[in-house]
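So you can see what is in the structure, the chains are spelled out below.
Number of protein chains: 2
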Amino acid sequence: MNKVGIIGYGITPFSKDDQKIETVMLNSTKELFKTNPQIDRKDIDAVLVSTNNNSKYLSPVLSEMAGIQPNISHTIESLCNSGTNSIVSAYSYIASGLADIVLISGAERYDSPGQILEWDNSRGEYKHPIFWASIFAKSYKREYSISDEELAVVSVKNHKHAKENPNAMSNKTYSIEEVLNSKKLTDDLKLLDCSRPCTGSASIILGSEDKVKQLSENPVWIAGIGQKTISAGFTKNISFSSMESTKLAGQSALKMADKKIENIDVAEVHDAFSVCEPMALESLGFAMDGKGTNMVKELHETNNFKINPRGGLIGSGHPLGATGIAQTIEITQQLQTKAGNRQIENPQVGLIHNMSAAATSSTVLVLEK
Amino acid sequence: MNKVGIIGYGITPFSKDDQKIETVMLNSTKELFKTNPQIDRKDIDAVLVSTNNNSKYLSPVLSEMAGIQPNISHTIESLCNSGTNSIVSAYSYIASGLADIVLISGAERYDSPGQILEWDNSRGEYKHPIFWASIFAKSYKREYSISDEELAVVSVKNHKHAKENPNAMSNKTYSIEEVLNSKKLTDDLKLLDCSRPCTGSASIILGSEDKVKQLSENPVWIAGIGQKTISAGFTKNISFSSMESTKLAGQSALKMADKKIENIDVAEVHDAFSVCEPMALESLGFAMDGKGTNMVKELHETNNFKINPRGGLIGSGHPLGATGIAQTIEITQQLQTKAGNRQIENPQVGLIHNMSAAATSSTVLVLEK
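Taken in sequence, the protein lines are chains B and V.
Counting from 14, one number per residue, gives the positions in the first sequence under our numbering.
Counting from 14, one number per residue, gives the positions in the second sequence under our numbering.
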């Protein structure tokens with residue numbers, strides 16, 4: 014099986030801009046080619062678009078606009094983890110020998126139709142994600158005696174990280190009090206506990222071992238992949254205080270990479286809402302059950318950027334189809350020591366956690382130098 | 014690299030039914046499990062949905078409804094060749110070792126949003142596919158001195174084939190005069206020259222070599238894959254009398270399979286409109302340029318079902334995301350000698366041609382016993 018790595022990437026600022034989806038996805042692809050002049054468009058075998066946008070045939074559209082005539086071209090959608098699903102698909106095209114170089118562009122508009130899962134009647138009339146997040150928060154706080162203040166630290170930390178990320182939607186920092194006093198959305202959620210949908214795009218090029226060695230001075234490899242789908246309906250989750258799909262995907266990814274969670278130096282985890290970060294940290298094995306907020310607090314107090322260095326979804330914004338790609342770019346930059354003020358000291362192995370629809374499905378990737 | 018083959022399939026009648034997309038896609042999946050009791054849902058590693066429908070997260074939705082908890086789950090869209098794109102993606106998941114068994118369900122409703130490509134301004138105000146098909150017809154007839162009567166034979170032949178296909182939308186046969194006298198849509202297109210969008214679903218399960226040998230009594234293998242994307246915009250085609258993407262995809266697929274076009278015993282080609290069949294036959298190498306209609310006429314007069322045995326898109330109906338899967342099932346049935354009244358004598362090698370948006374992109378698959 015071919016080894017698969019990252020050749021280059023391009024990302025543009027996340028915003029509330031009202032741009033056409035075609036413009037959005039092209040923006041980061043143009044940035045990619047501008048910053049990676051060594052990549053010849055003629056060598057690109059596949060173009061994948063990761064989005065929830067309703068426009069069709071976006072991969073051939075992007076190909077034409079970017080001057081590429083690939084063999085393979087299609088869109089991939091799976092709500093919020095469309096991005097990492099696209100990376101896994103690109104990995105398989107390369108590892109199987111059907112492609113040597115694959116471009117992925119993740120793109121979304123602020124008004125993405127992927128925010129509400131109409132099908133899920135188990136949510137009753139409460140279809141917006143803030144409602145499952147509220148149930149998660151209530152359940153998690155009750156099970157482990159966690160306070161609103163402890164959860165608020167997630168938002169404080171991630172906004173602090175986002176301030177060092179020039180592509181993040183937020184560049185403001187907040188105190189715990191400001192998070193707690195921000196607009197109350199439900200009994201268990203304040204506005205600053207939530208990531209916000211936005212317009213954004215992130216592009217990445219993956220390649221086979223030969224192509225990566227030829228085209229990247231600073232290779233980063235996909236060492237582990239884990240994915241799990243438990244259900245589509247929220248109430249099929251076996252717990253509202255932990256993430257079963259994340260646990261299983263994390264175990265598979267670490268096994269494939271032959272790593273332990275202790276080997277992970279830096280990670281992006283899917284903090285769609287503040288409660289998701291400690292839950293994900295526990296389900297991935299970074300912290301014991303109920304101890305995720307302790308870890309968050311310690312990282313925050315020691316100014317350690319290990320978890321969600323780019324500011325997470327809460328600080329960066331959450332353009333659904335672009336999020337998994339942006340997370341992967343962040344870990345790549347960290348491993349390449351190109352993360353500026355967000356840089357972790359000398360990381361060797363990084364992890365990406367990306368999930369959809371109340372963690373009914375998850376993807377975990379392990380990257381290494 | 015793992016060898017990849019077909020373990021089982023399920024297909025339900027194409028119709029104008031007004032059913033929810035979730036019901037449509039589940040129908041053929043249920044048929045698949047009913048007719049393949051040897052397949053254990055627990056062994057399914059990936060579930061892919063091929064559709065242009067705007068509903069999100071359909072792969073986890075199908076998984077939950079069908080009682081599957083896969084690792085990989087996402088939707089694939091690329092207009093009319095979404096189905097074969099999904100088959101190629103499933104192939105790559107298996108060949109790369111990320112999955113051993115992959116379920117694909119292709120599904121569409123009669124009112125699919127994939128019928129009009131709004132982005133393509135090169136079509137001016139004439140965005141409906143009948144307009145590019147009319148330009149194809151005018152160009153092809155002019156270049157090779159082909160008559161409307163000669164093109165009408167495609168529809169006559171394919172409706173005749175569809176009459177032997179219990180899942181086809183049409184069960185009527187027509188004379189050349191009836192095709193010519195059917196409702197005039199444009200100067201160069203009559204109603205019976207056109208495939209019709211419909212509600213339909215087709216599911217297929219692919220597996221690794223071990224799994225296919227274990228679970229299928231009558232293995233059929235994916236021997237060749239070819240894909241090419243020229244553009245998204247119609248007027249970027251270099252010719253309106255031939256299909257460049259089809260030519261390149263066909264050459265790649267035959268090369269990978271180590272076959273010549275003379276080795277192909279039976280084929281499904283993408284007859285979205287009558288003119289597409291001779292154009293595709295020529296671009297694939299079945300006939301010399303301008304001689305495709307001669308081949309169609311000869312096949313029709315000798316009652317030879319070699320090309321489009323299930324009735325093609327014109328006779329079967331065209332549920333966009335399901336079409337490529339239905340074509341692949343037909344060739345599988347032919348190679349398994351299970352095609353009933355449509356059966357070709359002792360075929361060893363078959364071909365599938367599926368394309369999108371005026372042949373701006375094409376997929377060609379070669380299957381063998």
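Possibly wrong hints are sitting among the right ones.
Where chains are identical, the list cannot tell them apart; a pair therefore holds if satisfied intra-copy or between any two copies.
Claimed, not checked - Below, computed lysine-lysine pairings styled on DSS-like, alpha-carbon distance capped at 30 angstroms:
(1) Lys47 x Lys268
(2) Lys55 x Lys249
(3) Lys173 x Lys268
(4) Lys16 x Lys226
(5) Lys43 x Lys249
(6) Lys273 x Lys197
(7) Lys197 x Lys16
(8) Lys249 x Lys33
(9) Lys272 x Lys55
(10) Lys268 x Lys196
(11) Lys268 x Lys176
(12) Lys226 x Lys268
(13) Lys249 x Lys173
(14) Lys55 x Lys16
(15) Lys272 x Lys140
(16) Lys196 x Lys43
(17) Lys47 x Lys154
(18) Lys47 x Lys249
(19) Lys29 x Lys226
(20) Lys47 x Lys273
(21) Lys43 x Lys140
(22) Lys268 x Lys43
Derived from the structure by calculation, the hints contain no laboratory data.
Outcome of the hint check:
Neither within a single protomer nor between protomers do Lys47 and Lys268 lie at most 30 angstroms apart by alpha-carbon distance, with minima of 36 angstroms and 35 angstroms respectively. With identical chains, the CA atoms of Lys55 and Lys249 are at most 30 angstroms apart between copies only, with a shortest distance of 17 angstroms across copies and 46 angstroms within one. With identical chains, the CA atoms of Lys173 and Lys268 are never at most 30 angstroms apart, being 33 angstroms at best within one copy and 55 angstroms at best between copies. For the identical chains of this complex, Lys16 and Lys226 are neighbours both inside a copy (11 angstroms) and across copies (28 angstroms), given an alpha-carbon limit of 30 angstroms.
Proximity of Lys43 and Lys249 under a CA criterion of 30 angstroms is satisfied inter-copy only: 21 angstroms between copies versus 42 angstroms inside one chain copy. In this homomeric assembly, Lys273 and Lys197 never come within 30 angstroms of each other (Cα to Cα): the closest approach is 39 angstroms inside a single copy and 68 angstroms across copies. Proximity of Lys197 and Lys16 under a CA criterion of 30 angstroms is satisfied in neither setting, with 48 angstroms inside one chain copy and 56 angstroms between copies. In the homo-oligomer, the alpha carbons of Lys249 and Lys33 lie at most 30 angstroms apart only across protomers (22 angstroms), although the nearest pairing inside one protomer, at 36 angstroms, exceeds that limit.
Taking the shortest alpha-carbon separations for Lys272 and Lys55, only the inter-copy value of 27 angstroms comes in at or below 30 angstroms, while the best intra-copy value is 36 angstroms. Proximity of Lys268 and Lys196 under a CA criterion of 30 angstroms is satisfied in neither setting, with 42 angstroms inside one chain copy and 62 angstroms between copies. With identical chains, the CA atoms of Lys268 and Lys176 are never at most 30 angstroms apart, being 34 angstroms at best within one copy and 53 angstroms at best between copies. Proximity of Lys226 to Lys268 under the C-alpha cut-off of 30 angstroms is found in both arrangements, the shortest distances being 25 angstroms within a copy and 28 angstroms between copies.
Taking the closest pair of Cα atoms, Lys249 and Lys173 never come within 30 angstroms of each other, the shortest separation being 35 angstroms inside a single copy and 48 angstroms across copies. Within a single copy, Lys55 and Lys16 get their C-alpha atoms as close as 22 angstroms, and across copies as close as 29 angstroms, so both meet the 30 angstroms cut-off. Neither within a single protomer nor between protomers do Lys272 and Lys140 lie at most 30 angstroms apart by alpha-carbon distance, with minima of 38 angstroms and 53 angstroms respectively. Taking identical chains as interchangeable, the C-alpha atoms of Lys196 and Lys43 are never at most 30 angstroms apart, the minima being 38 angstroms within one chain and 47 angstroms between chains.
With identical chains, the CA atoms of Lys47 and Lys154 are never at most 30 angstroms apart, being 47 angstroms at best within one copy and 45 angstroms at best between copies. For the homomeric pair Lys47 and Lys249, the shortest alpha-carbon distance between copies (25 angstroms) is at most 30 angstroms, but the shortest distance inside one copy (45 angstroms) is not. Neither within a single protomer nor between protomers do Lys29 and Lys226 lie at most 30 angstroms apart by alpha-carbon distance, with minima of 38 angstroms and 53 angstroms respectively. Proximity of Lys47 and Lys273 under a CA criterion of 30 angstroms is satisfied in neither setting, with 37 angstroms inside one chain copy and 42 angstroms between copies.
Taking identical chains as interchangeable, the C-alpha atoms of Lys43 and Lys140 lie at most 30 angstroms apart only when they sit on different chains, with a minimum of 28 angstroms there against 36 angstroms within one chain. For a Cα distance limit of 30 angstroms, the shortest separation of Lys268 from Lys43 qualifies neither inside one copy, at 36 angstroms, nor across copies, at 34 angstroms.
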